[in-house]
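Number of protein chains: 2
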Amino acid sequence: MNIGDVSKRASLPPKTIRYYEDIGLVTPERATNGYRSFRKSDMHKLAFLGRSRALGFTIEDCRNLLALWVDQDRASADVRAIAKEHLAQIESKILDLQEIRDTLSHLVRECSGDERPDCPILKSLEKFPMK
Amino acid sequence: MNIGDVSKRASLPPKTIRYYEDIGLVTPERATNGYRSFRKSDMHKLAFLGRSRALGFTIEDCRNLLALWVDQDRASADVRAIAKEHLAQIESKILDLQEIRDTLSHLVRECSGDERPDCPILKSLEKFPMK
DNA sequence: CTTGACCTTCCAGTAACTGGAAGCCCTATG
DNA sequence: CATAGGGCTTCCAGTTACTGGAAGGTCAAG
Chain A
1 MNIGDVSKRA SLPPKTIRYY EDIGLVTPER ATNGYRSFRK SDMHKLAFLG RSRALGFTIE
61 DCRNLLALWV DQDRASADVR AIAKEHLAQI ESKILDLQEI RDTLSHLVRE CSGDERPDCP
121 ILKSLEKFPM K
Chain B
132 MNIGDVSKRA SLPPKTIRYY EDIGLVTPER ATNGYRSFRK SDMHKLAFLG RSRALGFTIE
192 DCRNLLALWV DQDRASADVR AIAKEHLAQI ESKILDLQEI RDTLSHLVRE CSGDERPDCP
252 ILKSLEKFPM K
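Taken in order, these protein sequences are the chains called A and B. Take the first sequence: its letters are residues 1 to 131, numbered as in this note's numbering. Take the second sequence: its letters are residues 132 to 262, numbered as in this note's numbering.
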């Protein structure tokens, strides 16, 4: 399979797939004309990567997950540890964003948003205490 | 004021302040010894930037907000538009993260996390449909 | 006079791609 | 058979918002 086909099937841009090869996540064969030639196993790895990335795992997490995936002797605890850590980060990020959202939506509600210069948003950015 | 003092007062690392000068957000004077010499107005701008960044505004947003801040003839509508747009992005990001969190926490709960290789997390990364 | 804390500039690296240029390869059509 | 198109290749550069580190000048204290 050429890169274009894999791209469609794994829903990953060709550029991304080449990048994944560069950093050693997949190692497709080469046809005699120099084109990358993807095996089924490459295709599956790329799909796996696409899904892991869609869940927000970092590339390094993905590398580790992929290694565990191909290792039939893995311990599920190792996978779970990565996922749990990632989950914790996401939860903390959500909390951060919710706080920002609350502050911001309050300010937007306060601001008249007309042609006058008086603006509570700017006023708040002046005075708002830093955490 | 030297960069160290400003750094403490604005709660921004010196590196960041130098960077902000590089990209034209502040333009401190220079003492004869070559040291940056920050006026009160620079200090206020930096504090403003720190707060805007803490609310997640991009540097370009900050640049625009800063310009509006110093412009006494601004329309509050312009400020509000930036904040509203940013708020919308944050809300959508929160939704994305919540969806990821739900998926992930479900998987983590499902996974026994022991020494056995059987793992619902990996299984899901194989099969989970891409959006 | 030396030590240590500041300050300076400049270069490089981070994460995960993305865009673009220059150029080869393959197929189909006039 | 020439050529036009689309797909493929590599390589270089840019993105965001800094951060780390090296090499070296400045200043106050002891």
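For the record, the hints were derived by calculation from the structure and aren't laboratory data. Each hint should be verified, as a subset may be incorrect.
As the list claims (entries may be wrong) - Using 25 Å as the maximum straight-line C-alpha spacing, the simulated SDA-like pairs for lysine to any residue come out as follows:
1. A:K8 <-> A:S37
2. A:K15 <-> A:R63
3. B:K258 <-> A:K127
4. B:K258 <-> A:A54
5. A:K84 <-> B:K224
6. A:K123 <-> B:R205
7. B:K254 <-> A:E21
8. A:K127 <-> B:H237
9. A:K93 <-> B:L218
10. A:K84 <-> B:L226
11. B:K258 <-> A:E21
12. A:K127 <-> B:L226
13. A:K84 <-> B:R205
14. B:K224 <-> A:L68
15. B:K258 <-> A:D73
16. B:K254 <-> A:K127
17. A:K127 <-> B:A206
18. A:K123 <-> B:H237
What the hints assert, rightly or not - Which residues of chain B face chain A? A few of them, derived with a C-beta cut under 7 Å, are:
19. F179
20. L197
21. A198
22. R205
23. R211
24. R240
25. C242
26. I252
In this text, a Cβ means the ideal position worked out from N, Cα and C, and glycines have one as well.
Against chain A, with CB atoms and a cut of 7 Å, does the hint on L197 of chain B hold up?
violated, 9 Å
25 Å limit on alpha-carbon distance, applied to hinted pair K258 of chain B and K127 of chain A:
Answer violated: K258 of chain B to K127 of chain A is near 50 Å, above 25 Å.
For the hint on C242 of chain B, just tell me whether its beta-carbon gets within less than 7 Å of chain A.
holds, 5 Å
Do the alpha carbons of K254 of chain B and E21 of chain A lie within 25 Å of each other, as the hint requires?
holds, 23 Å
Compare the distance between the alpha carbons of K127 of chain A and A206 of chain B with 25 Å, and conclude whether the hinted pair is satisfied.
OK: K127 of chain A and A206 of chain B at ~20 Å, within 25 Å.
With a cut-off of 25 Å on the C-alpha distance, tell me whether K258 of chain B and A54 of chain A pass.
holds, 13 Å
Classify the hint on F179 of chain B as holds or violated, based on whether any CB of chain A lies nearer than 7 Å to its CB.
Hint holds; F179 of chain B Cβ to chain A Cβ min 5 Å, cut 7 Å.
Agreement of K123 of chain A and H237 of chain B with the hint, judged by alpha carbon distance not exceeding 25 Å:
violated, 43 Å
Mind checking the alpha carbons of K127 of chain A and H237 of chain B for me, to see if they're no more than 25 Å apart?
violated, 42 Å
Is K123 of chain A close enough to R205 of chain B, meaning Cα to Cα at most 25 Å?
Given pair K123 of chain A, R205 of chain B holds - Cα atoms ~13 Å apart, limit 25 Å.
Agreement of K258 of chain B and E21 of chain A with the hint, judged by alpha carbon distance not exceeding 25 Å
Given pair K258 of chain B, E21 of chain A holds - Cα atoms ~22 Å apart, limit 25 Å.
Taking the closest Cβ pair, is R211 of chain B under 7 Å from chain A?
holds, 4 Å
Consistency with the previously given hints fails for numbers 3, 8, 12, 13, 14, 16, 18, 20, 21 and 24, ordered from lowest to highest.
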